[in-house]
Amino acid sequence: MTSRTREWALAASFVLPAVALMAVFIIYPSVKTLLLSFFDEQGSWVGLKNFITLLKNEDTLNLSRFPNTYPPWGSLIHNAVWIIIHLPVTVIFGMVLAVMLHKVKGGPFIKSVIFLGMVIPMIVGGVIIRFLFDENSGIVPLVMRALGSELLGKTWTAYPQTALMALIIGSIWLWTGFSLTMHAAGIATIPKELYEAADVDGAGSIRKFFRITVPMLTPVTSVVIAMTLLYEIKIFDVVYAATLGGPGGSSMVLSLQMYFYAFRRLDINLSSTVATLLTLFTVGVGIWLTRRNLKGEKA
Amino acid sequence: MRRRTNVAGAITKNTLAWLFAVIWLIPFIGIFVTSIIPLEQVVRGWWGMKFSSISLKNYAGAWSHPTAPIGQGMRNSLLLVIPATLLPLFIASCAAYGILRYRFPLRKTIFIVTVMLLAIPQHMIAVPLFQILNNLGLINSLFGLLLVHTAWGLPWIILFLRGYFSTLPKEVEEAASIDGAGPWKTFLRVVMPMSWPGLASVASLQFTWVWNDFFLALIFIYNPKLLVATQRIPLLRGQYHVDWGIITAAAVLITTVPLLVFALLQKYYVKGFIGFSGK
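First to last, the protein sequences are chains A and B. If you read the first sequence in my numbering, its first letter stands for residue 1, the second for the next number, and so on. If you read the second sequence in my numbering, its first letter stands for residue 1001, the second for the next number, and so on.
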C-alpha cells in the first residue's frame, strides 16, 4: 500500500460510518420524496401537476376567504401570516430585551427565564398555549373579559377567528428567548471603546442603540432571522398539541398538512409535494444565510 | 441633572425588565399550580388556589394513567435518548476529525453535502424512511427510532465539532504521534479528552432535542406500550372535558428532564446553541 492509499483507508475508517448513515437515512429518502412529488399514484411522470393541484386546493390557498373574512385561509397563508407577525416581533423584541437586560440587576436570571421557552419540549409549549387561552384556566381571556371583549374572552383555540392568533402570540412567548440569547451574546462582543467614544461625543442612549448596537449586531441578527424563519416554516408540535390545525382548518400549517396527507389520507404523492414545497422554502433560507455569511467574511 | 436622569432611567429599565420576567413566568406558574390543585379550582381560575388543597394526586394520575402512562413514556424516552446522544456524538466526532485532518477524494463534496443537509426538514424524509424501516421490521421499535435520531443528528454535530477540533493545538497531536501513538489512539486518547467542553455542548443539546422530539416518534412508534413521553401528552385529553390537572402534571414531569440538563449544563448548553446557530 502506498502512503496515499493508506491515508485514504484511514480517512475512510473515520468518515465512512457517518456518510453511510446520512446516505441511507437522509439523502436517499429526501431524493425519493423529491421524485414522488413529480409522479402520480400509478408511477407516471406528471411534471408540476401535483404542485398545481396543491396550490389550487383550499387547504393550501383559500383566496375566497382571504383577506375578506376570518380563517381558514389555507396553510400557505397561515404560515405567511405567522412569519409576518412572529418574525419582526421576536427578532426586534429579543434585541431590545438583550440591550435592556445587559446592565440590569438579575439580568442573567431574567434571561434564563425567557430562554426556558427554548428548553421545554415544543409539545408542552402547545399545551401551555391552550392553557393560556382557555376560557376557564387562561390568563388571556380573563384579561380580555376585564377589558370588555366577548369574543376574546372565550377559549381562543376553539374558535376559527382566534385559533391562529393564539398560536402566533403563544409562539412569540416561546421563541423570544432565542433572539434574546443570541443578541445578548453578540452585545458582549461589541468593543466598549465604541460606546466610550460616543459618550465623549455626547450621544444619548437611543442614538447609541441605532448607531452602534444595531449595526454591530447585524451578523447576529441575520442568523436569528434565518433560524426564526426555519422555525416558522417548519412549525408542527405547537400546532399539533394546541389545535391540531383546527377548528375547521383555521390554524392548519404546511407541516401538519403534510403529516395529514401522508399518514391519515395516505396520499403519498401530494404529501411529498407539500414536503418538497417546505424544503424549497427552508433551502432558500439556508442559501440566503450562507451567502450572507460568505459576504460578511470577505468584507 | 445628568445623574438624576440616569437614576430615573435605571429604575424604569429595572422595573420593565422584571415586568417582562413576571409575564414570562406566569404561564409556567399557572401550569405548575394547576398540576398540584384539584380540577374544580382550576375551572374557577388557578390564581384563586387554596394552599390547603395542594396534593400530588395529579402526578400519580399522570404517572400511571390508564391509557397513556407517563411513567412508561419517560422510561422509553430515557432508553432512547441515552444511546441517541452517545452514538451520534461518537460517529460524528470521528467524521469531523477525519474530514479535518486527512486529505482524501470527495472530501470537499462530503463536507458541502453535510452543510446542505442542515436545511432539509424532517418532513422530507418521513415517508420514504417509513417504508425503509417498515421493510426492515423497525417500525414500532425504539432501535429503529434510535437509528433515525443518530443519522439526523450527524450533520449538525459534524459541523459543530469540525469547527471545535480546528481550534485545538495541533502540537499535542504531533507529540502523541512522535510518542508512537497511532491515529486512532491519538484521536481517542488525546483529541477526544481535550475536547470535552465541546462534546458536553453537543451532548446537552442532542439529549434535549431527542427528548423533546415529537415528529419522528409520531411517525415511527405506534405501539401504545412503546410511545415516548412527548407522544403521550396529546393523548391525555379527557373524553368530555380537558383534565388540566393530569395534563399539566404530565407536562411538568416530562419538562423536568430537559430543565435539569439545562440547569446543570447551562454554560455548555448556551455555548452550543450559539455556536450551532452561528455556523
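Treat the hints with care, since some could be wrong.
Below, computed lysine-lysine pairings styled on BS3-like, alpha-carbon distance capped at 30 Å [stated by the list, open to error]: (1) B:K1185 x A:K192; (2) A:K103 x B:K1271; (3) A:K105 x A:K208; (4) B:K1170 x B:K1108; (5) B:K1185 x A:K234; (6) B:K1108 x B:K1185; (7) B:K1267 x A:K105; (8) A:K103 x B:K1225; (9) A:K192 x B:K1013; (10) B:K1225 x B:K1108; (11) A:K192 x A:K49; (12) A:K234 x A:K103; (13) B:K1170 x A:K208; (14) A:K234 x B:K1267; (15) A:K234 x A:K32; (16) A:K295 x B:K1185; (17) A:K234 x B:K1050; (18) B:K1057 x B:K1225.
If you're looking for bench data, these hints aren't it; they were derived computationally from the structure.
Which earlier hints can't be squared with this structure? 1, 5, 8, 10, 11, 12, 13, 16, 17
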